Amino acid sequence: MKTTEQFTWNPLHKFVWRVWQFILHIPEKVAKGFKALGGILLQFICSVRDAVVNFGRMFVDGDIWTKLSYLIMGIGCAAHKQIVKGLLYLGVQVGAVWYMISFGWQYLKHITTLGTATKYQVWDEAAQIYRYVQGDNSMLILLYSVMSIILLLVALGLYFSNIKASYKAELCIREGKKPSTIIEDCKALFDQKFHVTLLTVPTVSAFAFVILPIIFMVLIAFTNYDKNHQPPGNLFTWVGFENFANMIWNDPVKSKTFSSLTGWTFIWAFFATFTNYIFGMLLAIMINKQGIKLKKLWRTIFVTTIAVPQFVSLLLMSKLLGDQGSVNVLLQQIGWIDKPIQFLTNGTIAKVTVIIVNMWVGIPYTMLTTTGILMNIPKELYESARIDGAGPFKTFTRITLPYMLFVTTPYLITQFIGNFNNFNVIYLLTQGNPLSLDYYQAGQTDLLVTWLYKLTVNQQDYNFASTIGIMVFIVSAVFALISYNISPSAKREEEFQ
Amino acid sequence: MKKTKKTGSMKLRTRLANGGIYALLTTMSIIWLLPLAWLVLMSFKAEKGAWHDYVMPKGYTFDNYIALFTETDLFNYPRWFMNTLIVAICTCILSTLLLLMISYAFSRLRFPSRRKIMNVGLILGMFPGFMTMIAVYHILKAVGLDQSLVSLVLVYSTGGALNYFIAKGFFDTIPKSLDEAAMLDGATKNDIFWKITLPLSKPIVIYTALTSFIAPWVDFIFVSVIMKDNYQNYTLAVGLYRMLERENIFEWFTRFCAGAVIVAIPITILFIKMQKYYVEGVTGGATKG
Chain S
1 MKTTEQFTWN
11 PLHKFVWRVW
21 QFILHIPEKV
31 AKGFKALGGI
41 LLQFICSVRD
51 AVVNFGRMFV
61 DGDIWTKLSY
71 LIMGIGCAAH
81 KQIVKGLLYL
91 GVQVGAVWYM
101 ISFGWQYLKH
111 ITTLGTATKY
121 QVWDEAAQIY
131 RYVQGDNSML
141 ILLYSVMSII
151 LLLVALGLYF
161 SNIKASYKAE
171 LCIREGKKPS
181 TIIEDCKALF
191 DQKFHVTLLT
201 VPTVSAFAFV
211 ILPIIFMVLI
221 AFTNYDKNHQ
231 PPGNLFTWVG
241 FENFANMIWN
251 DPVKSKTFSS
261 LTGWTFIWAF
271 FATFTNYIFG
281 MLLAIMINKQ
291 GIKLKKLWRT
301 IFVTTIAVPQ
311 FVSLLLMSKL
321 LGDQGSVNVL
331 LQQIGWIDKP
341 IQFLTNGTIA
351 KVTVIIVNMW
361 VGIPYTMLTT
371 TGILMNIPKE
381 LYESARIDGA
391 GPFKTFTRIT
401 LPYMLFVTTP
411 YLITQFIGNF
421 NNFNVIYLLT
431 QGNPLSLDYY
441 QAGQTDLLVT
451 WLYKLTVNQQ
461 DYNFASTIGI
471 MVFIVSAVFA
481 LISYNISPSA
491 KREEEFQ
Chain C
1 MKKTKKTGSM
11 KLRTRLANGG
21 IYALLTTMSI
31 IWLLPLAWLV
41 LMSFKAEKGA
51 WHDYVMPKGY
61 TFDNYIALFT
71 ETDLFNYPRW
81 FMNTLIVAIC
91 TCILSTLLLL
101 MISYAFSRLR
111 FPSRRKIMNV
121 GLILGMFPGF
131 MTMIAVYHIL
141 KAVGLDQSLV
151 SLVLVYSTGG
161 ALNYFIAKGF
171 FDTIPKSLDE
181 AAMLDGATKN
191 DIFWKITLPL
201 SKPIVIYTAL
211 TSFIAPWVDF
221 IFVSVIMKDN
231 YQNYTLAVGL
241 YRMLERENIF
251 EWFTRFCAGA
261 VIVAIPITIL
271 FIKMQKYYVE
281 GVTGGATKG
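Sequence lines, in order, name chains S and C.
Just so we're aligned, residue 1 is where the first sequence starts under the working numbering, counting upward by one.
Just so we're aligned, residue 1 is where the second sequence starts under the working numbering, counting upward by one.
Certain hints may be false.
Computed from the model, here is a short list of chain C residues facing chain S with C-beta under 8 Å [to be verified]:
no., residue
1, L109
2, F111
3, V225
4, A237
DEER-style ranges, computed between Cβ atoms [claimed, not checked]:
no., chain 1, residue 1, chain 2, residue 2, range
5, C, L85, S, K193, 55 to 63 Å
6, C, N230, S, L24, 55 to 63 Å
7, S, Q460, C, N230, 13 to 21 Å
8, C, N230, S, K379, 52 to 60 Å
9, S, F241, C, L200, 31 to 39 Å
10, S, K293, C, K58, 37 to 45 Å
11, S, I349, C, S29, 20 to 28 Å
12, C, I272, S, D50, 34 to 42 Å
13, S, I356, C, I269, 27 to 35 Å
14, S, L189, C, L122, 23 to 31 Å
Hints in this document: simulated from the structure, not taken from any laboratory.
Note that this is a predicted model, so its numbers are computed, not measured.
Yeah, the Cβ is synthetic: ideal placement off N, Cα and C, and Gly gets one too.
Could you build the full structure based on these sequences and the hints that come with them?
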């Protein structure tokens, strides 16, 4: 069934078939995933074992200097005629020890409790006033602990590389060769080891601004860092999975908010993605149709609206569509309506409004990006459809749409994830309003991400914000995984043509 | 889509269809351009306030534009404009450099655990960006960079550099034989990067530079969290947003429109000029998957 019949199917069938196959294979894929995870774990254990064995072997085999570098970093290198390298390693060790004593340890020692001493007042006899004694600060303890652990791991890595370097230099001397000089090492950084040079700065900045914050915020989801536990006045501590439990079933208001907003976020993402996709493509087809003149002008008109910064156009829209906004005034003047339409203040209408305004924002974008791909659709397909007497509507649904779905599935899924996290359109247009009393600090058009933003900035309920963030991450990751699995790779492209 | 009778001659059918399309395109153009036209109109409106019971302004003036640059006590528009420009230029340079370094390393160089590092990058990109805002703020505060323009440059550049997949995909298409030939002539990998790969990657360099230059003009979330109440270091997006807050909107609405027009014009021209590269960048990454 797999091979012969498939050639006679039309592309839409194939697409549906592939989605179905994907769903059928989910259990198998999950099992495979776990197997792969087990493999990675096994590999990790093996590499740790190898490292330990190597660690011991180099100690036994090495000379006194290599042995000494297990204690003092760099001494082996220095003894093996790599003075500068040795000094650098020594510097790392001194720096690491100094860092831990002067800074890291005072935070790291509190990691299990996240601090116990709050700020308190003490009567100062001499000055006759109350003085504040600084207590612990859970937030700083957590942040600096994570930072210290990362730095310690880096130092550990350098420690191993110090032993390896010493051993390598020793082997060189034993074989009667000269160990590499510092100048040669520096040159290697621009040739064989060019990746080290290129990736150092990006890695450091990624650690500082991406990895460290992510670890920190993931950990926050397991604490009670909310508006009632703001250090230094009130400390927070570990609470395990309590936030997740509250979010999903424990707390009636929060779980209701979470489930409703998740539902709306999915509805929004679905409609926002597909309305833009289909109408954007129709627009592109219309502009590129043979015999339509002024193609460039039409395209420029629509591209202009993408180029105008979103915060300008969306803020403007929110004012235009307000209860006393110009659209309502105009409609009333013409006499079509008596009362203003509550474009943004009635929950249900607001939901429709944001989807429609999003079409205003997104259709030109799809038009711009899909034009090139639409041009690539083989002309023969259209020719044969015309001969068979298919009208424009049929041609679109039977040829253009399936072809585009086939080629742009990854793009579509990226768009879906993008809309799932579409902060700008919602926040700048409605700010999530109208507010709902049934919800915990959220309005009816709030997406999960705008709720997260409100909880962070307005409410300072960081623990809930982080929990939502993790949920959003899971959804994005699942869709990205699907996109990766379902997308036609280059080798299967011929199958279509 | 325009439906026509099958009995009509071929020529008439196409004509009717095209006529329908022209009508549709014209209507759509009007709908799409109206809000922008309204923005320009409001920026010249003489009377204050955002809401009236009439649509067309009663009088026109150029004062809104002048006031933006003269009345700088509350809202320092010229300063914000310079802030944004400086941040945009620095981000553009730094982020292009970082991105090219990363994607070149992943595409052309082979080293242990290359795939693993790439996958980690992919996973990190899936966390919602502003979940970590607060942590980033405290980290910046710890090193004394909070509420500064430098911090904005750092954060934007690092965030932009995580999107290395598009540039990497582009580098993958440059034939490896060029590198090998150069290596035979004794070029180091550093030479190859600067003298061979970089000149060949003009489209992707322009795409990266363009997107990272535009980011500071349109980002609103990060600035509002990092800058808090430091008005002097606001960028335009946050500043203009503040103008529309309830207590300011009456006085400042028309000036907001004027300010928005001033921002929108250069960005729009830049984007329209560079749209070819933009499309190449987006679709190149998206369709390759």
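Hint check results:
no. : hint                        : result
1   : L109                        : holds (4 Å)
2   : F111                        : holds (5 Å)
3   : V225                        : holds (7 Å)
4   : A237                        : holds (5 Å)
5   : L85/C / K193/S: 55 to 63 Å  : violated (38 Å)
6   : N230/C / L24/S: 55 to 63 Å  : holds (56 Å)
7   : Q460/S / N230/C: 13 to 21 Å : holds (19 Å)
8   : N230/C / K379/S: 52 to 60 Å : holds (59 Å)
9   : F241/S / L200/C: 31 to 39 Å : violated (52 Å)
10  : K293/S / K58/C: 37 to 45 Å  : holds (40 Å)
11  : I349/S / S29/C: 20 to 28 Å  : holds (26 Å)
12  : I272/C / D50/S: 34 to 42 Å  : violated (57 Å)
13  : I356/S / I269/C: 27 to 35 Å : holds (28 Å)
14  : L189/S / L122/C: 23 to 31 Å : holds (27 Å)
The structure shown violates the earlier hints numbered 5, 9, 12.
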